[in-house]
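Undergrad: Residue 10 is where the sequence shown starts when you use my numbering, and the numbers rise one by one after that.
Think of the hints as simulated: they come from the structure by calculation, not from any bench.
Please note: incorrect hints may appear among the correct ones.
[To be verified] Here are the computed lysine-lysine pairs in the DSS-like style, where the Cα-Cα straight-line distance is at most 25 Å:
| no. | residue 1 | residue 2 |
| --- | --- | --- |
| 1 | 38 | 16 |
| 2 | 211 | 170 |
| 3 | 104 | 204 |
| 4 | 115 | 85 |
| 5 | 204 | 161 |
| 6 | 161 | 85 |
| 7 | 118 | 108 |
| 8 | 168 | 108 |
| 9 | 163 | 197 |
| 10 | 204 | 170 |
| 11 | 168 | 191 |
| 12 | 118 | 191 |
| 13 | 211 | 191 |
| 14 | 38 | 85 |
| 15 | 197 | 168 |
| 16 | 115 | 104 |
| 17 | 163 | 38 |
| 18 | 235 | 191 |
| 19 | 197 | 115 |
| 20 | 235 | 170 |
| 21 | 108 | 85 |
| 22 | 163 | 85 |
| 23 | 161 | 197 |
| 24 | 170 | 191 |
| 25 | 235 | 38 |
| 26 | 85 | 16 |
| 27 | 235 | 85 |
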Amino acid sequence: MPYTVNKLARISGVSARTLRFYDEIGLLKPAFYGDNQYRYYEEEQLLMLQQILFFRELGFPLADIQRIVSSNDFDKIESLIAHQSRLQSDLGRTKTLLKTIDKTIKHLKGEVTMKNAELYYGFDSEKQKEHEQYLVNEGIVTQEFLNECNDKVKNWTGKEKNAFIQDIERIMDDLIAAIERKEIPSNKNVQSLMKQHYVLLKRTWTPTRSSYIGLADLYQTPEFRKFYDDRHPQLLEFMVQAMKVFAEHELL
């Protein structure tokens, strides 16, 4: 049974807007278009969408996903086996986190006693270390400066952290609105949002032109990319371009 965009959106959790965008860029074309110009998807497209979602979950950029799935030697079964292996690895960490949550609840209820170190079983500190090492290795910041930044954030209150997150989310929403209005990254309104983004970052550090551009490049790594792609398929590329325009014209 063919699926319309809205029906596929309901069963997959992918927005109709994103499905239409995938069609526009050639990543996921419908099986056919009806006389009413509606898009219709069949099993082959549903399986391909599943592959796209798996790759997105792993943090692949859309351009890389398109290159992989359109390759002549792309094998769905081999790809699924690779995804399975990765998920099994992640599952082990998730199970550990669930056990930690369960034991913490019992600890707070007075049913068991936890060692302090047990509070953090299952959390992956390596990813944070990798990001920090990347910043240092690329010359974006010095280790001393990074330590200072971490110390400053470490002392934030819960209210300060929430305010920072809310401000970031507001800027993201405003950028998405600009994308929907077909604005370009160098647009005055978009650059005003980048100014707000820059000022917001100054709560933790003061980026130079090169370090702000370096941050834009960092946003394109898999872990960051998923955050932006989940909000809007065009958000990351749009924001990266806008950040680089701002850096070139406003920063030293």
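Undergrad: Going back to the hint list, which numbers does this structure go against?
TA: Result: hints 3, 4, 6, 8, 9, 11, 12, 13, 15, 17, 19, 21, 22, 23, 24 break, sorted rising.
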